[in-house]
Structures are given as structure tokens and as C-alpha cells.
Amino acid sequence: MDPEIIEQYLKIIYKLTEEGGQAKTSDIAAELDVAPASVTEMLHKLSAKGYVKHEPYRGVVLKSKGKKIATKVTRKHRLLERFLTDFIGVKGPTTHQQACKMEHALTDEAEQSLCRMMQHPDKCPDGREIPKCERGISCDKCTSCDVPLSEMREGETAVVSHLISRDNDELCSMLSMGFVPGSEIKIEKRIPMGGPIIINLKGTKVALSRTRGDVLHVIRAG
Amino acid sequence: MEIALAGNPNVGKSMLFSQLTGVGVIASNYPGTTVEYSEAKAKFMGLTLTVVDLPGTYSLAGNSDEERVATRLLTERRSDSVIAVLDATRLERNLVFLFELIEAGYSVVAALNMYDLLRKSKLEVDVPKLERILMMPVIPTVATKGEGVDSLLYTSVQIRRKSGFAVRYDSHIEGMIKELERVIPSEEGGPPVRSVAIRLLMGEQSVIDRASDVAKQLSERFRDEFRRTHGEDIVVHIQRDRFGEAGRIAGEVLGRAATYRTRKSIAKDITLRPATGIPILFGVLALMFVILVFFGGLLEGALVHFYEHTGGVFFHDLGTRAENHLASGILDGISLSIEAMLALVIPYILVFYVMLSVLEDTGYLVRVVSLLDGVMHRLGLHGRAVIPMVVGFGCNVPAILSTRTMGSRRERLILATLITIAVPCSAQTAIIIGAVGKFAGAWWALLIYVILMGMLVVLGLVLHRAIKFEPTGMCIEIPDMRWPSAKQSAIKTYIRLKEFLTIAFPLLLAGSIIIETLLAYGVLQSLLRPAAPFMISVLGLPSIAAVALVFGVLRKEMALQMLMVLSGTGNLALVLSNHQMFVFALVMAIFMPCIAAFAVMLKEFGLKSTVGVAAASMALAIATGAFANLLLKLN
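Those sequence lines, one after another, are chains A and B. Reading the first sequence from the start, the letters are residues 1 to 222 in my numbering. Reading the second sequence from the start, the letters are residues 1 to 635 in my numbering.
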């Protein structure tokens with residue numbers, strides 16, 4: 001299945017179930033302008049993949065796996081609508097159509113920057129709520145000067161701004177080593193060949209693999 | 001009475017433990033984990049004390065196996081007193097760990113360890129002030145020299161009271177704690193209500209499991225509420241407040257806010273720079289190898305000589321007197337296993353373990369792990385995988401066991417497969433060196449190692465592609481390089497050797513008895529006979545080598561002896577050409593080492609994966625051997 005089509009369906013279901021309840025096949029078909037039969041077929045596929053829960057004749061709801069994708073796409077869609085309307089003055093139904101195409105190409109980083117640039121809007125032009133991002137930090141902390149640790153160069157110093165991790169164990173173990181917001185760090189060495197980053201944290205040397213480096217977001221000193 | 005030692009990793013906790021206690025250390029694995037902890041008895045002022053050395057952790061929150069074991073040991077053993085071992089040069093982070101112990105309601109005495117290093121950097125801790133702030137005894141110690149150890153023991157025996165110190169969190173969190181405290185029933189002898197409340201807020205699974213539904217729901221609601229209003233997880237704020245408090249106290253007692261230790265920058269560390277680090281690594285490995293062959297050989301000679309004149313004769317007599325196939329088969333099996341153990345396993349493994357603990361204690365191994373982490377990731381492994389691989393050069397049984405430190409089952413399976421196939425164990429090394437190196441020349445032996453290295457890389461890449469997943473990232477502290485202590489290395493070696501003997505020896509014994517019994521009845525011979533011509537034609541080996549090969553699959557440690565016995569001479573060059581010797585050793589090196597390794601894999605990974613790995617190793621060994629044979633014939 002084409003991921004774009006999956007995203008499109010999940011987004012529609014998200015919109016239809018936003019205020020609770022279930023999405024009806026006929027409503028989905030109307031939104032997408034396709035035949036109900038092909039919607040039913042698609043819903044079977046989506047439910048087989050664990051994205052949605054589909055009960056024939058009653059409707060469909062998102063499961064957590066599907067909801068995650070749907071929230072993200074919806075967020076991108078509505079941010080883009082906001083951008084097209086407010087920043088470059090696109091008017092009429094094409095706003096929605098263009099956003100529908102662009103939302104699949106927009107990277108997460110671009111989405112973040114877009115959100116920052118527009119100063120964290122909370123409603124789309126139609127007045128629907130823009131879902132919050134997954135970063136787990138407040139909007140006033142979301143500044144462009146913080147970078148993931150992996151982007152730091154050797155010899156640079158920085159201050160930990162926040163930690164982003166979905167994994168509680170990972171978060172807690174890094175915190176208990178002393179990577180708390182506000183602590184000063186220095187990049188001692190980046191080991192070549194994709195090796196870890198060696199950080200000086202108040203005199204203690206810690207080797208952190210590059211993938212874990214993205215958990216820590218820091219603000220460059222000076 | 002019982003005393004527990006708790007603290008961060010690399011604070012000299014084990015050193016203090018060996019200073020406090022004498023001989024007779026008992027190391028155990030906590031049930032269901034590979035996390036080790038040791039305990040020992042100590043005599044002090046007419047008292048017999050039990051000292052428990054907990055695994056080193058940064059926290060007691062239960063986010064890793066070590067933390068869970070440390071926490072469970074503390075709650076289960078209910079030690080009368082806990083000694084918190086703190087690194088005086090890293091006071092801030094170590095105080096945070098101490099706060100957790102105090103919060104959890106233990107009677108704590110703090111050992112301000114590595115005090116000599118602090119003095120060396122011209123710093124001084126105002127100990128009476130620290131004691132007043134924390135409301136508990138604090139004793140400066142230098143574990144490496146035994147300074148302050150007596151006074152530490154004296155204090156922890158005499159003073160057993162809980163500190164009244166508590167970290168104050170920000171008002172929002174304190175409010176939540178107050179409300180939670182109201183719904184948590186206080187238990188006699190249980191943890192303080194405040195501590196349960198904080199741990200519930202931090203989402204600690206073991207505490208949540210025990211909590212009432214009301215407390216569970218309330219804490220869940222609070223966590224959500226906090227995340228909504230502050231945009232950050234509550235654990236981040238709790239830890240930040242703890243570090244803030246610790247930093248403030250450290251600044252106060254150190255006179256100035258310097259918790260920094262000025263030392264040589266790690267950027268200049270030559271072991272971490274690939275250009276110098278990799279040659280050093282090869283040098284260290286080569287040195288280890290030479291020591292292994294030399295000292296292992298010496299030990300082997302002595303042990304085997306001793307055994308042949310005592311146990312060997314004894315079992316042989318017993319066997320001839322029994323006049324029964326089954327009995328003599330079993331007796332032979334026992335005798336051969338003991339001999340194999342003495343000849344190969346004990347000397348080489350012992351020497352190997354001594355070297356391993358020295359490498360660990362100096363802090364070199366951590367540097368190797370960091371240096372190779374990136375490369376290992378490409379093979380689908382964590383940098384830590386270096387350690388089981390190095391262990392695998394000694395014996396695959398402990399190597400497979402030590403894969404338990406890896407994150408996931410898939411990661412473990414990849415690693416175990418690589419070790420069984422491409423890392424030659426000491427028995428395989430004996431064949432490569434003892435047959436090929438000795439008779440055909442060193443270059444042939446080296447070629448086998450090169451082939452095995454290539455196989456390691458290719459196999460790693462293939463498995464990584466086939467079993468798609470990302471290895472978990474590492475986050476480890478790199479301690480300063482230091483001299484190892486003889487006593488600690490001895491304790492470590494003793495513990496590991498004991499574990500090895502209790503796991504591998506019974507397996508080897510049972511396997512040998514079965515094989516010898518089958519041999520006594522001639523069952524194996526008739527099963528193997530059809531395989532021999534195949535070996536001869538495909539691998540180009542003479543029939544005796546083929547027989548030794550097939551037996552070697554079952555008992556690799558005896559393959560070389562078997563070959564010598566079958567050919568009737570110790571000079572293998574008379575019966576095998578250089579090419580044949582090479583093919584023989586190559587096939588042997590790739591094959592799964594022995595039945596003990598098979599049994600351990602079975603225990604760790606189940607039948608399906610084990611048979612799969614065994615079959616793959618066999619197929620790969622024969623294919624490589626046949627290919628090598630073909631190539632050599634062409635020349």
C-alpha cells in the first residue's frame with residue numbers, strides 16, 4: 001500500500017472522529033470523493049495492519065498506531081494551511097488541496113521550524129485545532145537555537161536545554177547520570193567511524209552513542 | 001548484622017568492599033538476571049558482619065536491570081545499615097544518589113571516597129558542615145589505601161538512625177506529593193510514605209504495581225497534568241531539583257563552586273583515536289595471545305602431568321576392572337572430561353580471565369568499547385558486544401552467557417551466532433596453532449585468522465540486514481585509566497571461573513558420558529561411517545582426518561589428540577600435507593565449538609535457534625573447507 005494513501009485515509013478518519021464517535025464509510029467516501037466499496041476494501045487493509053478498528057455497518061475508529069500517524073499528518077496539514085493562507089495569501093479551496101499534497105513531503109524538522117516561524121498557531125484557518133507536536137516540551141522552550149547534541153562539534157561547550165525521549169527508561173537513566181536541564185557540557189571528542197560522542201559532564205567523561213545524542217537538546221554557549 | 005554498600009559505578013565501591021571484608025567472597029547472580037552482587041563476612045569488634053556489595057548504579061529508580069537488582073536487594077534484605085560510597089571528586093552527582101537512599105528511609109552512613117584525589121587538586125570538603133546539612137555521619141575514606149575504613153565500619157555499626165534531611169521540590173510537585181501521601185497507607189517497617197509518593201510520580205513500575213487503585217489513578221492524573229502545564233515530564237523536574245540541591249550543597253561544603261576536577265583532556269587519549277587506538281588494540285590482543293599460549297601451555301603441562309599419574313590411572317584401572325562396555329564407557333567419559341578440563345579449559349580460561357579482569361580494571365576495555373561502537377553498529381551490534389567477543393576467544397560458554405548484557409534477544413542472537421562461528425575459542429586456537437602453526441607454518445595459521453575476521457564482518461552485515469533492527473545506543477561513563485589491584489582481579493577471576501565450572505563442566509561431563517557410551521557400543525562409528533567418504537572427496541582429507549573431524553564436532557577440545565592418536569604419531573606433518581592441515585583447522589574453527597556451547601545456546605535461545613545456528617555453522621564450515629580445498633588444488 002502506498003504510504004501516502006494510508007496517511008490520507010488516517011487523516012480523514014482523524015478528522016471525522018475528532019469530536020468522538022466513529023467514522024462512517026459513506027462519510028469517508030464523500031470526503032475522498034471515491035466509491036464506498038473501495039473505501040470498505042481499504043478499511044479492511046488498514047484494520048489488518050492494525051491502524052484502525054473497523055466494525056462493519058457501525059464505523060471505524062483509530063487505534064493508537066494509526067492515531068500516531070494521523071495526528072502527525074493532520075498537524076502538518078493544518079500548519080501548511082495556516083502557512084498558505086496567512087503567509088503567502090493563497091485563497092479558496094486550493095489551500096486545502098495544496099496542503100493535502102505537501103503534507104506528505106514535509107519532514108519533521110521542517111514541520112517544527114514552520115511551527116516556530118508562525119509562532120506556534122493552535123487553530124487552522126477553518127477553526128479546527130492543530131494537534132500538539134510530540135516533542136514533549138513547552139512552546140516557549142521550543143527555540144531555534146537549541147540543537148540536538150549530535151550536531152555539536154568537538155571542543156564546543158553547551159548547556160542542556162531539554163531531553164526528548166519516548167522511552168521512560170532512557171530518559172531516567174540519562175537524567176540520573178546528570179544530564180538535567182541547565183547542566184553544562186563540553187564535547188570532548190567525536191570518535192570517528194560512527195562512534196560515540198564523548199562528553200565532559202562536570203568532570204565526568206561519558207560516551208554517548210550518536211543515536212542517543214538526539215535525546216539531548218542543547219543550547220550552544222557563547 | 002548486615003551492611004549494604006551502595007553507590008555509583010566507578011566510585012571505588014568494590015575496592016572498599018575488599019578492604020572491609022576478608023577472604024570468602026560469595027558472588028551471586030540475582031535470580032533471573034545476570035547482574036552480579038557479592039557478599040562476604042567481616043569480623044569487627046567481636047561482631048560478625050555480613051557486607052553486601054550492591055551493583056553500581058546511578059539511581060534507585062529501577063530503569064535498568066542493575067537498578068532493579070540494587071533496589072530489590074535493599075528492600076528484601078533490609079540491611080541494618082547502608083554505606084553510601086560517594087566519589088568526593090564528583091560530589092554533586094553522588095549526592096543525588098545519596099538523596100535517593102535517604103528519601104527511601106534507610107539508615108545511611110556516607111563514605112566520602114577518593115578523598116586523596118580531592119586533596120591533590122587542592123580542595124577540601126567541610127565535613128562537619130556536610131554532616132550538619134545532611135543530618136548524618138560522613139566519613140572521608142581512601143579505599144585504595146584503606147584510610148578511614150575502620151572509622152567507617154565503627155560508625156555504621158554504632159549509629160543507626162535515619163536522617164531527617166529531605167530535598168524540597170518545586171511547589172507544584174510538593175503539592176502533588178502532599179495529596180498523594182494522603183491516599184497512601186503507611187506500612188510498619190515499609191518505605192516512608194513520601195518516598196512512595198515521589199516514586200509513584202516518577203512512574204516507577206515496581207511501586208505502581210504495588211499501589212492501590214486510588215493512588216495509581218491519582219499519580220497518573222498528576223503526571224498528565226504536569227506534562228500539560230509544564231510541557232515536560234515530571235521526572236525531568238524532579239531530577240533537576242535534586243541536582244540543583246546537590247549543586248548548592250556541594251558548593252557550600254567545597255568552599256567554592258568547583259566540583260570540577262582539572263585533569264588531562266580525553267581528546268588526547270591515544271586509545272580513543274582510531275589511528276593510534278586500533279594499533280594499540282591489536283598490540284594488546286597479540287600480547288594477550290602470546291601470554292595465553294605461553295602461560296596456558298605451562299599450566300597445561302603441569303596439570304596434565306599431574307592428572308595422568310593420579311586420576312587418569314585411577315579411572316583406567318576402574319574401567320578395566322569393570323569389564324562392562326557401558327561402565328567402562330562412562331568411566332572413560334568422566335576421565336576424558338576431567339582431562340579435557342585440566343588440559344584446555346582451566347589453564348587457558350584461567351589465564352584469560354586474569355587478563356580480562358586486568359583490562360577491565362584499568363579502564364581500557366571501556367575505551368575499546370567506545371572506539372569500536374560505531375563499527376559494531378554497522379554489524380548490527382552495540383559497542384559492548386566487544387566484551388563477549390573477547391571472552392569468546394577464551395571459551396564460548398561464558399561468551400554466550402555474557403551476551404545477556406546486550407539489549408534485546410535479537411542482538412544477543414546475532415552476537416552468539418557470530419561468536420560460535422567466527423570467533424575461535426581456545427580449543428580451536430589450539431588446533432590452529434598446535435597443528436597448522438606448528439607444522440605448516442605461521443602464515444597458514446594467520447591466513448585462517450584473516451578468513452575468520454572476514455567471515456565475522458560479512459556474517460555480521462548479512463545478519464544485520466536479515467534481522468532488521470537498530471541496536472540500542474550506549475551511554476557509559478569512561479573512568480580514568482588506573483592501575484589494577486591484584487586483590488580485586490583475583491576476586492573477579494575466582495568468581496568467573498567458579499561460574500564457568502558450575503555451568504560448563506556438568507554439560508561437558510554429561511555430553512562426554514553419552515558419547516563414550518555410544519562409542520563403547522559402536523553406535524557412533526556406524527553412524528559416522530557413511531559420512532567419511534563424503535569428507536574425503538569434498539574436503540580432500542585422508543580418512544583419519546575425516547574421522548577426527550567428525551568426532552571433533554562433538555568434542556572439539558579432543559580433536560587434535562584424536563588426530564594424533566588415529567595417525568599414530570605426534571608429528572602430523574608425516575600424515576597431512578600443509579594444505580590438508582589448513583583445511584582441517586579451518587573447518588574446525590568455523591564449526592560450533594563443542595557440545596557444551598551447544599547446550600548453553602539451547603538453554604539461552606531455545607531449540608529452534610540453536611539447531612539453526614548449529615546447522616548454519618556446519619554448512620558454512622564444510623562449504624568454506626570445500627572451497628579452500630578446491631582453490632588449493634588448482635594451484
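Source of the hints: derived by calculation from the structure; they are not laboratory data. Please read all numbers here as calculations on a predicted model, not as lab measurements. Hints may be right or wrong, so weigh each one.
Just the calculated beta-carbon pair ranges, DEER-fashion [claimed, not checked]:
| hint | chain 1 | residue 1 | chain 2 | residue 2 | range |
| --- | --- | --- | --- | --- | --- |
| 1 | A | ARG58 | B | ARG404 | 44 to 50 Å |
| 2 | A | ARG116 | B | ARG409 | 39 to 45 Å |
| 3 | A | PHE87 | B | ARG182 | 29 to 35 Å |
Glycine is no exception: its CB is placed at the ideal position from the N, C-alpha and C atoms.
Outcome of the hint check:
no., hint, verdict
1, A/ARG58 with B/ARG404: 44 to 50 Å, "holds (48 Å)"
2, A/ARG116 with B/ARG409: 39 to 45 Å, "holds (41 Å)"
3, A/PHE87 with B/ARG182: 29 to 35 Å, "violated (51 Å)"
In summary, the structure is inconsistent with hint 3 from the numbered list given earlier, while agreeing with all the others.
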